[in-house]
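According to our numbering, the sequence shown is numbered sequentially starting from 147.
Treat the hints with care, as some may be off.
To be verified - Here are the computed lysine-lysine pairs in the BS3-like style, where the Cα-Cα straight-line distance is at most 30 Å: (1) K346 with K179; (2) K244 with K319; (3) K285 with K353; (4) K260 with K243; (5) K209 with K319; (6) K260 with K179.
To be verified - With beta-carbon atoms standing in for the labels, derived distance ranges: (7) A343 with K265: 35 to 45 Å; (8) P246 with S270: 30 to 40 Å; (9) V281 with Q181: 34 to 44 Å; (10) D264 with N236: 36 to 46 Å.
Please keep in mind that the hints were generated in silico from the structure rather than gathered at the bench.
Being a predicted model, the structure only gives us computed values, none of them experimental.
From the three backbone atoms N, C-alpha and C, an ideal C-beta is built for every residue, glycine too.
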Amino acid sequence: MWSIPFSLFKKRKLMFGIDVSHFQGTVDWALAKSQIDFAYIKCSEGQSAVDSMFMINAINANKSGVPIGYYHFATLNSEDVLNDARNEANFFVQNVKKVPAPNLPLVLDIELNKANLDKDEVLSWINTFFRELEVFGYKDSVLYSYTPFLNANLPRTHNLGNTRLWLAAYVNKQTPLLPNGWKDYWLWQYSAKGTIAGVKTSVDLNKSNQSIA
């Protein structure tokens, strides 16, 4: 589904990138491109909210040649687990189809559990969301979250260990603490206070933990 393989970054040992939403305002992607390998852009939230800068960011980042991916922010605010997850995934995909195709996998950002779902329900919600993405052809999805949330809201034994993990952890360490069930992370969001040319505000910084040969 995404047109630019990770081999695009073969000249660098690590990938470095940013993620943005309306909080960053208008981004000068031509300037930002010189400092980043990729960008993740917020698309949607819940079943009805689209980020106000989503379309502008998607179009302009794509025009500037920045490899892009999109993420959906979920809040788990309904006890109707299966329908809620399906509806949010459907809403996400319908908006993704309106902009340039992503170069990177779609992301589920999960940091809140407003409905106080139990651990098995949270796991079911996530699995249902990803299965719905697969129906639309997006089979290589990513889960974004942070270790305390995942450990508190997922069963200790779960089936997500092979799902790509984008981990938020603002720690001064060589590697972050992984949540139960994962042996590695795919991306590490290591700072929320980055400074990048073309972005007027502070911005999240991300890096891979893998060498790109």
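Hints, verified against the model:
no.	hint	verdict
1	K346 with K179	14 Å, holds
2	K244 with K319	40 Å, violated
3	K285 with K353	22 Å, holds
4	K260 with K243	28 Å, holds
5	K209 with K319	36 Å, violated
6	K260 with K179	37 Å, violated
7	A343 with K265: 35 to 45 Å	43 Å, holds
8	P246 with S270: 30 to 40 Å	32 Å, holds
9	V281 with Q181: 34 to 44 Å	37 Å, holds
10	D264 with N236: 36 to 46 Å	24 Å, violated
Violated hints for the displayed structure, listed by number in ascending order: 2, 5, 6, 10.
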